[in-house]
Amino acid sequence: MAQPLELVEEDLLTVPDRPWVTLVWNDPVNLMSYVAWVFRGYFGFAASEADRLMLQVHNDGRAVVATGSREEMERHVVAMHGYGLWSTLAKADE
Amino acid sequence: VLSLEPVEAGLLVHLAEQVTALLTDGADPDHGDPADPALLRLLPAAYADDEESSREFRRFTATDLTAQKVANLARVASDVGVDAAVGDDGGSGVPTRAAGRRRRDVELDAESVEAWLRALTDLRLVLASRLGVDADGEVSMGDEASGVHDVYDWLGLLQESILTALEA
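Order-wise, the sequence lines are chains A and R.
Residue numbering for the first sequence follows the working numbering, starting at 1 and increasing by one per position.
Residue numbering for the second sequence follows the working numbering, starting at 1001 and increasing by one per position.
It is possible that some hints are incorrect.
Unchecked claim - Derived coverage of chain R by chain A (criterion: at least 3 residues anywhere in the stretch with Cβ under 8 Å from a Cβ of chain A; other residues may be distant):
{"no.": "1", "region": "1036–1047"}
{"no.": "2", "region": "1065–1075"}
{"no.": "3", "region": "1127–1138"}
{"no.": "4", "region": "1155–1161"}
Stated by the list, open to error - Some chain A residues close to chain R (C-beta under 10 Å, calculated; not the full set):
{"no.": "5", "residue": "F43"}
{"no.": "6", "residue": "G84"}
{"no.": "7", "residue": "A90"}
Said to hold, decoys possible - Residues of chain R clear of chain A, computed beta-carbon distances all greater than 12 Å:
{"no.": "8", "residue": "P1029"}
{"no.": "9", "residue": "G1032"}
{"no.": "10", "residue": "A1062"}
Source of the hints: derived by calculation from the structure; they are not laboratory data.
C-beta: ideal position from N, C-alpha, C; glycine also.
Given only the sequences and the hints, what does the whole structure look like? Please build it.
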């Protein structure tokens, strides 16, 4: 299956985007058990990893819960908002 | 299975209606940050320091996200209502006056559990915003809001009980 030449060239010439991150911020409302449940259910984290990230949110005020393309991180952020978690995305090095 | 006092069932339906109205009336056609802090907490900015990107994000996501939240609230209201009508009078399906005074057992399937946990979160976020809950969880409103505070705490207990049941 041949790709149009232009597209191939474009792929080779494009510098990959710097990765983006999904952040979840601490809030005084959401229960710790709920946040861990969201991390297990949505991201599929094992209980230990979900608890670790939940505690990081709680203790440090925020945690990076995912890294990847901007579009992918936007999908995660809107999903987190669907769960009522306070979430933003940012460039990985910011 | 949740067991609700009639007054609790009524309260849940009432709160669900209020927050549904907040979500549906507050939609901003320009996709800016909502002026109401409670609505802003339900639909937060996706970029901490980039208003334009946040606006663009809202343009593509706010309608679906709002619809999802409204559907969760409707599911809670209907779970409470349907069971109240069918459960209490021997199965004839006819709600009776007496049914309004009895406890209601609400059975939640997996989809309902998901909707309830999300909806209870949204209800608590709105109440917390109205109560002025600060970053440490302290409430800035005085005694006049103590009734609201009790409701806020009760919703938290209800949510915790569902989560505990899931892990059992």
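Cross-check of the supplied hints:
Under the rule that three or more residues need a Cβ within less than 8 Å of chain A, the assignment of the region 1036–1047 of chain R holds, with 7 such residues. Under a criterion of three residues with beta carbons nearer than 8 Å to beta carbons of chain A, the stated coverage of the region 1065–1075 of chain R is upheld, 3 such residues being counted. Counting residues of the region 1127–1138 of chain R whose CB falls under 8 Å from any CB of chain A gives 6; the rule of at least 3 is met. Counting residues of the region 1155–1161 of chain R whose C-beta sits closer than 8 Å to any C-beta of chain A gives 3, which meets the bar of three, so the coverage hint holds.
Here the hint on A:F43 is broken, as its CB sits about 15 Å from the closest CB of chain R, past 10 Å. Look at A:G84: its Cβ gets to within about 4 Å of chain R, closer than 10 Å, so that hint holds up. For A:A90, the interface hint holds, since its Cβ comes within 10 Å of a Cβ in chain R; the closest pair sits about 7 Å apart. Against the 12 Å criterion, R:P1029 stays outside the reach of chain A, whose nearest CB is about 19 Å from its own CB.
For R:G1032, the condition that its CB be more than 12 Å from all CB atoms of chain A holds, with the nearest at approximately 16 Å. For R:A1062, the shortest C-beta to C-beta distance to chain A comes to about 9 Å, within the 12 Å cut-off, and the non-interface label is violated.
Going down the numbered hints, you'll see the structure goes against 5 and 10, while the others check out.
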